[in-house]
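Take these sequences, add in the hints, and give me the full structure.
Counted from 1, the sequence shown has number 26 at position 26 by the UniProt record's numbering; the numbering is strictly sequential.
Take the hints with a grain of salt, since some may be wrong.
[Stated by the list, open to error] The list that follows gives simulated cross-link-like pairs (lysine-lysine, DSSO-like), each with its CA atoms no further than 27 Å apart:
no., residue 1, residue 2
1, K68, K41
2, K79, K64
3, K79, K68
Note that these hints are calculated values from the structure, not bench results.
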Amino acid sequence: MKFYAITPGQCRAARALLDLTQPQLADLAGLGLSTIVDFEKSRRDISQDAAVAIQRALEDAGVKFIAKNGAGPGVRLLK
Numbered sequence: 001m002k003f004y005a006i007t008p009g010q011c012r013a014a015r016a017l018l019d020l021t022q023p024q025l026a027d028l029a030g031l032g033l034s035t036i037v038d039f040e041k042s043r044r045d046i047s048q049d050a051a052v053a054i055q056r057a058l059e060d061a062g063v064k065f066i067a068k069n070g071a072g073p074g075v076r077l078l079k
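As structure tokens, this is what we get:
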């Protein structure tokens, strides 16, 4: 499995905080729905570019990702 800047769990949590559906995130990130679904369920590796697009779309929508620093990775709502 590849390493991404955010984890699938952070992606799901960020979507929940922002009240976004998977199709909405796919549109915001400019990706196919299957890419979002597969990433969140860890079904297959996605490209680093796709992972960055997901992270940027979620950050632009109003969340901040928290790096793993002893307590584990997280996400917080900025709004």
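* **Pair hint K79 and K68, alpha-carbon separation not exceeding 27 Å** => holds, 22 Å
* Asked: Does K64 lie within 27 Å of K79 when you go C-alpha to C-alpha?
  -> Judged against 27 Å, a Cα distance of about 10 Å means the pair holds.
* Asked: Hey, K68 versus K41, does the alpha-carbon distance stay inside 27 Å?
  -> holds, 20 Å
The structure meets every hint from the earlier list without exception.
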